[in-house]
Amino acid sequence: MKTLSGWLGAFLLLSGAAFLLGDYHNDVYRKMLLWVALALGYNFLFGICGQVAFSHFAFYGIGAYSVVILLFQLNVPLPLAVVLGVAICVVVALAVAIPSTRLEGFYLALATLALAQLFVVILNEGGTVTGGTGGIANYRLPEIFGFRLRGPSYTAVIVLLVLFTYFVLRKLDRSWFGRACRAVRDNPEAAAAMGVDVARTKVIAFTLTSALAGVAGMVYAFVDNTVNPPIFGLDNAFLLLFMVIVGGSGRHAGAVIGAVLLFLLPFWLSPLVGHHHVLVFGVLVLAAILLQPKGLIGLYDGWRSRS
Amino acid sequence: MTAGVLEVRRLTKRFGGLTAVTGLDFDVLEGEILGMIGPNGAGKSTTFNLIAGTYPATSGEVRFAGESILGLPPHRIAARGVLRTFQHNRPFDGMSVLENVLVGAHTRFHMGVFSRKASNEEAQRRRRAEELIEFVGLTDVRDAEVTTLSFGQGRLLEIARALAGEPRLILFDEPAAGLTPAELERIAGIIRGIAARGIAVLLIEHDMHFLLPLAQRVVVLNFGAKIADGLPDQIRADPAVTDAYLGSHAAAR
Numbered sequence: 001m002k003t004l005s006g007w008l009g010a011f012l013l014l015s016g017a018a019f020l021l022g023d024y025h026n027d028v029y030r031k032m033l034l035w036v037a038l039a040l041g042y043n044f045l046f047g048i049c050g051q052v053a054f055s056h057f058a059f060y061g062i063g064a065y066s067v068v069i070l071l072f073q074l075n076v077p078l079p080l081a082v083v084l085g086v087a088i089c090v091v092v093a094l095a096v097a098i099p100s101t102r103l104e105g106f107y108l109a110l111a112t113l114a115l116a117q118l119f120v121v122i123l124n125e126g127g128t129v130t131g132g133t134g135g136i137a138n139y140r141l142p143e144i145f146g147f148r149l150r151g152p153s154y155t156a157v158i159v160l161l162v163l164f165t166y167f168v169l170r171k172l173d174r175s176w177f178g179r180a181c182r183a184v185r186d187n188p189e190a191a192a193a194m195g196v197d198v199a200r201t202k203v204i205a206f207t208l209t210s211a212l213a214g215v216a217g218m219v220y221a222f223v224d225n226t227v228n229p230p231i232f233g234l235d236n237a238f239l240l241l242f243m244v245i246v247g248g249s250g251r252h253a254g255a256v257i258g259a260v261l262l263f264l265l266p267f268w269l270s271p272l273v274g275h276h277h278v279l280v281f282g283v284l285v286l287a288a289i290l291l292q293p294k295g296l297i298g299l300y301d302g303w304r305s306r307s
Numbered sequence: 001m002t003a004g005v006l007e008v009r010r011l012t013k014r015f016g017g018l019t020a021v022t023g024l025d026f027d028v029l030e031g032e033i034l035g036m037i038g039p040n041g042a043g044k045s046t047t048f049n050l051i052a053g054t055y056p057a058t059s060g061e062v063r064f065a066g067e068s069i070l071g072l073p074p075h076r077i078a079a080r081g082v083l084r085t086f087q088h089n090r091p092f093d094g095m096s097v098l099e100n101v102l103v104g105a106h107t108r109f110h111m112g113v114f115s116r117k118a119s120n121e122e123a124q125r126r127r128r129a130e131e132l133i134e135f136v137g138l139t140d141v142r143d144a145e146v147t148t149l150s151f152g153q154g155r156l157l158e159i160a161r162a163l164a165g166e167p168r169l170i171l172f173d174e175p176a177a178g179l180t181p182a183e184l185e186r187i188a189g190i191i192r193g194i195a196a197r198g199i200a201v202l203l204i205e206h207d208m209h210f211l212l213p214l215a216q217r218v219v220v221l222n223f224g225a226k227i228a229d230g231l232p233d234q235i236r237a238d239p240a241v242t243d244a245y246l247g248s249h250a251a252a253r
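If you're matching them up, the sequences are chains A and B in order.
Residue 138 in the numbering used here sits at position 138 of the first sequence, with consecutive numbering throughout.
Residue 156 in the numbering used here sits at position 156 of the second sequence, with consecutive numbering throughout.
Simulated from the structure, these hints should not be mistaken for laboratory data.
Each residue gets a CB set at the ideal place from its N, CA and C atoms; glycine is no exception.
You may find that some hints are simply not true.
[Claimed, not checked] Which stretches of chain B does chain A cover? Using the computed rule of at least three CB atoms under 8 angstroms from a CB of chain A, they are: (1) 112-120; (2) 135-145; (3) 206-214.
[As the list claims (entries may be wrong)] One-sided and incomplete, this derived list gives chain A residues near chain B with beta-carbon spacing under 8 angstroms: (4) Asn138; (5) Leu141; (6) Glu143; (7) Lys171; (8) Leu172; (9) Phe177; (10) Arg179; (11) Ala180; (12) Arg182; (13) Arg185; (14) Asn187; (15) Ala192; (16) Ala193; (17) Gly195; (18) Gly250.
So that you can see chain A by itself, here it is in the shape it has in the complex (with noise of 0.2 angstroms):
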């Protein structure tokens, strides 16, 4: 009962706060809500299960063109155009997922990067399926039960999914399923000699992490009433790598922080440097990596153990 009144308490805090805000500073919360999302479960792949892929943009917008198309150019309803693109997501994972790491390491790396270039150019290239270069524009979230969510009230389902992430990658580090991630991670080969299946974990973290950002990608067509190739490309996949790493991998609190702050830190940089805040990123990955491997929460972590 506590739990759950804690998480209730995080739902009205977090939605709560959209509709103080105005249609501009709204729609920044909306985005970052989603850098959110996307980092926790970039962080479960990456920082969790050491698996190192560029696809997570690629399956957000597999899930944000996928219920587009099925419920615009297919008029499929919404339930089942929902559970149709994380369907589709999971397909798509396991398809990549299997091959590669039944090889060694890098080849997953190899075949996401594959993958998220060819799914852009998919998304160019599609005629009217995709909309080509200028993507999909001019559609309205369906009335669900006779509501039209939208301004603040649609943040409240971006809210909804952050902590709907959240607590499914909680509940999974806290179980069997995440210490063998860890392990795998770690040092894969104990890991098999305790039991652990290592290909299995990594093709279920994957597929599992993949589906999440899938969802995300759903929430996210519904933000502007746009989907566009530009968005799921590999330099946002570049930029959740970063705010992981900055953050401090392994860890949700990081994952949390690394992505509000490197979502946040370019309208605070532009008026200095203009649009050369990815040079600052750059440092900044590069300052984590050589001074402060555990990241930002490994800084608090050390100061609060000193204090």
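On the provided structure of chain A, position chain B as indicated by the hints.
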């Protein structure tokens, strides 16, 4: 003679032209400490890795609890109840001592992550892991990061982690390597305690002074073949063993 928990028959392993293990036969009985010794390159580690599933065998048979385990991947062999320690400690660095031991219990979790009974199972396994940590004497560092452990503590962790998998057979790969005399005595006591619980112990060891007082039976390998098999006292007196192993090695000590 009672059938062993582990039965190894005509086990052979060739690496290209090199025959590392030739026609090896031996059994390990329940609650018994079987020592396996031999000079460097005698095939001890290869035998160990064949049983644990790290390498495929060229021919022969390995039966555990009456069923063939040869050709199974390591994680399936562990799930059957054959757990191992590593000669060079291989902890999971990013985790605490307790979590490391809980990874050892991986195959003993049967509830789904989101199942209602999952937290009961987790609590039960955690208590069991704490008992094992106490058994090997690491209670003081239970919540410490494993990177802060000494080498000897790391070896104790290897043992607790393997025990968490509830083995019927535990394989020790040179557990004495790199330990101080005080730590050796401690490990010997722990290994006796494990066998006393009815667990079969296969102990591969280089250090005769550690192994002979501890093992109930000893198998001696040289050039990949068994050259002797018997009680520690018989092994000490066996001229073939003295020639192959003790002659050069014991004199140096």
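Against the structure, the hints:
1. 112-120: holds (count 3)
2. 135-145: Our answer is that it is violated, as 0 residues pass the Cβ test (under 8 angstroms) against chain A, missing three.
3. 206-214: violated (count 0)
4. Asn138: With Cβ-Cβ at 39 angstroms, over 8 angstroms, it is violated.
5. Leu141: Hint on Leu141/A: violated, closest Cβ of chain B at ~29 angstroms, above 8 angstroms.
6. Glu143: Violated. Min distance 31 angstroms.
7. Lys171: Holds: closest Cβ of chain B sits about 6 angstroms from Lys171/A, inside 8 angstroms.
8. Leu172: OK, holds: Leu172/A within 8 angstroms of chain B, min 6 angstroms.
9. Phe177: Nearest chain B Cβ about 5 angstroms off; hint holds.
10. Arg179: Because about 5 angstroms separates Arg179/A from the closest Cβ in chain B, which is inside the 8 angstroms limit, the hint holds.
11. Ala180: holds (6 angstroms)
12. Arg182: The hint holds - Arg182/A has a Cβ within 8 angstroms of chain B, the shortest such distance being about 6 angstroms.
13. Arg185: holds (7 angstroms)
14. Asn187: With a minimum Cβ separation of about 5 angstroms from chain B (threshold 8 angstroms), the hint on Asn187/A holds.
15. Ala192: With a minimum Cβ separation of about 4 angstroms from chain B (threshold 8 angstroms), the hint on Ala192/A holds.
16. Ala193: holds (5 angstroms)
17. Gly195: Since chain B brings a Cβ to about 4 angstroms from Gly195/A, closer than 8 angstroms, the hint holds.
18. Gly250: Holds: closest Cβ of chain B sits about 6 angstroms from Gly250/A, inside 8 angstroms.
The structure does not agree with the numbered hints 2, 3, 4, 5 and 6 stated previously, though it agrees with the rest.
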